[in-house]
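The chain contents come next:
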Amino acid sequence: SQQGEEDPQALSIQEGENATMNCSYKTSINNLQWYRQNSGRGLVHLILIRSNEREKHSGRLRVTLDTSKKSSSLLITASRAADTASYFCATDEGNNDMRFGAGTRLTVKP
Amino acid sequence: DGGITQSPKYLFRKEGQNVTLSCEQNLNHDAMYWYRQDPGQGLRLIYYSQIVNDFQKGDIAEGYSVSREKKESFPLTVTSAQKNPTAFYLCASSAGQIFYNEQFFGPGTRLTVL
Numbered sequence: 001s002q003q004g005e006e007d008p009q010a011l012s013i014q015e016g017e018n019a020t021m022n023c024s025y026k027t028s029i030n031n032l033q034w035y036r037q038n039s040g041r042g043l044v045h046l047i048l049i050r051s052n053e054r055e056k057h058s059g060r061l062r063v064t065l066d067t068s069k070k071s072s073s074l075l076i077t078a079s080r081a082a083d084t085a086s087y088f089c090a091t092d093e094g095n096n097d098m099r100f101g102a103g104t105r106l107t108v109k110p
Numbered sequence: 001d002g003g004i005t006q007s008p009k010y011l012f013r014k015e016g017q018n019v020t021l022s023c024e025q026n027l028n029h030d031a032m033y034w035y036r037q038d039p040g041q042g043l044r045l046i047y048y049s050q051i052v053n054d055f056q057k058g059d060i061a062e063g064y065s066v067s068r069e070k071k072e073s074f075p076l077t078v079t080s081a082q083k084n085p086t087a088f089y090l091c092a093s094s095a096g097q098i099f100y101n102e103q104f105f106g107p108g109t110r111l112t113v114l
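Protein chains in written order, with our numbering: chain B, 1 to 110; chain L, 1 to 114.
Incorrect hints may appear among the rest.
What the hints assert, rightly or not - Pairs of lysine-lysine, DSBU-like flavour, derived with a Cα cap of 30 Å:
#1 B:K69 x B:K26
#2 B:K70 x L:K57
#3 L:K9 x L:K57
#4 B:K26 x L:K14
#5 B:K69 x B:K56
#6 L:K83 x L:K14
Claimed, not checked - Over 12 Å on every C-beta distance to chain B, these chain L residues come out as not near it, computed from the model:
#7 G16
#8 N18
#9 L90
Claimed, not checked - For each label pair, taking beta carbons as the anchor points, the in silico distance ranges come out as:
#10 L:Y10 x B:A82: 24 to 32 Å
#11 L:Y10 x B:T20: 32 to 40 Å
#12 B:K69 x L:A81: 17 to 25 Å
#13 B:R54 x L:Y100: 18 to 26 Å
#14 L:P107 x B:K69: 31 to 39 Å
Worth flagging that the hints you see were computed from the coordinates, not collected in a lab.
All values reported here derive from a predicted model rather than from experimental measurement.
Built from N, CA and C at the ideal position, the CB exists for glycine as well.
Next up, chain L with everything else stripped away, as it sits in the complex (with noise of 0.2 Å):
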């Protein structure tokens, strides 16, 4: 089956430490994207990447990183810097040029520190 996979589904984090949430894609697309969203709200973008290698910030990077070693995988690490970190986090695939065509997404990592 093709598609976007993300884990864990649930993950708890204490204060101070880092976290790395795993997004893997086997559609072949070029274009990966993380969000993050907050109870009541849409989306705000992360990261982005267009090709191995090469990433760029989004509206809301602060806090966190990201590596794009191979087209397949996009993991998101949520560092001790970001204040604020609970929230549901979505990444997503698309083909072709970054943000043109229709993302999927992936089902989700909700994040909790204690």
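So that you can see chain B by itself, here it is in the shape it has in the complex (with noise of 0.2 Å):
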């Protein structure tokens, strides 16, 4: 079964514009990971954020942690064509186990 839901499905923007994407949660968990994944490719990891954390950055990406409304959002500033990929949030919830969303497919057109 799956923990980490992300929102929306799918999203398509312009170049240059922002995308947020959002993820939320069920159980109390130790981090949150987001990863991005080109069509037919492994996975890159781009940002953990700590239960103990409210927001991370990283280049273009901000990602935001809630614990009180179990939710997460990656914000992708000033988009790219290259940034043309399906993103997915991972949660460790501290049973031995990783679950991933099922992921929001972004389109960035140039």
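The task is to assemble the complex, starting from two chains supplied on their own in separate frames and drawing on the hints.
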């Protein structure tokens, strides 16, 4: 069964716009991670945020975590066509499992 | 170059056959993982291993087996008992404690049952 659920399932924007994806989960977690996957490829790690952190940045990426709402968001600023990919959140529940959501498919139009 | 490799990239299997997917890493990571991904879905955990000669079942271990004889290698066998094996298989590794740090993924193996 899945823990994280991404929203929206698909997002289409123009180059230069910002893209925001959300992830909700059901139980308490140790950490939440965001990954990116280009079609037919392996996943690439973007950001890991621990349960005692609220916000992290990496280049054009900004991740927030609200443990009271059991949700996280990934913001990609000034998007580029190369950002087109699927984005997944994954949660470590502390019970020796890691749960991935079904992903948000982002399309950035040039 | 450091990294994690999987082979083969594509694999075709006849019904009733066992097949083994290779996963090798030279990142000196203790933890290794196998995931399965179906079209339009997220990843589901099959097996994971924290150290050599030790591994644990994940969410969907039925019909699969693994071994961890070397730190660098974590092969996955898809047995004939797996009823619906056609999928994209991803191997990953991470430093330190299992699930605690970022995972590095291989390029994947796409298995098709004929």
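Hints, verified against the model:
Straight-line distance between C-alpha atoms of B:K69 and B:K26 comes to about 9 Å, which keeps the hinted pair within the 30 Å bound. Restraint check for B:K70 and L:K57: the C-alpha separation of about 27 Å stays at or below 30 Å, so the hint holds. A hinted pair counts as satisfied when its Cα atoms are at most 30 Å apart, and L:K9 with L:K57 qualifies at roughly 24 Å. A hinted pair counts as satisfied when its Cα atoms are at most 30 Å apart, and B:K26 with L:K14 does not qualify at roughly 40 Å.
With a C-alpha separation of about 18 Å, the suggested pairing of B:K69 with B:K56 holds against the 30 Å cut-off. Our distance criterion of 30 Å between C-alpha atoms is met by L:K83 and L:K14, whose separation comes to about 12 Å. The claim that L:G16 lies off the interface holds: its Cβ sits roughly 27 Å from the closest Cβ of chain B, which is beyond the 12 Å cut-off. Distance to chain B confirms L:N18 as a non-interface residue, since its nearest Cβ pair spans about 24 Å, more than 12 Å.
Listed as outside the interface, L:L90 is inconsistent with that label: its C-beta sits roughly 6 Å from the nearest C-beta of chain B, within the 12 Å cut-off. Distance hint for L:Y10 and B:A82: a CB-CB separation of about 26 Å, consistent with the stated range 24 to 32 Å. A beta carbon spacing of about 36 Å between L:Y10 and B:T20 agrees with the range 32 to 40 Å that was offered as a hint. Hint check: B:K69 to L:A81, Cβ distance near 42 Å, so the stated range 17 to 25 Å is violated.
In this structure the hint that B:R54 and L:Y100 lie 18 to 26 Å apart at CB holds, the actual value being about 19 Å. Judged by the Cβ atoms, the range 31 to 39 Å given for L:P107 and B:K69 holds: they are separated by roughly 35 Å.
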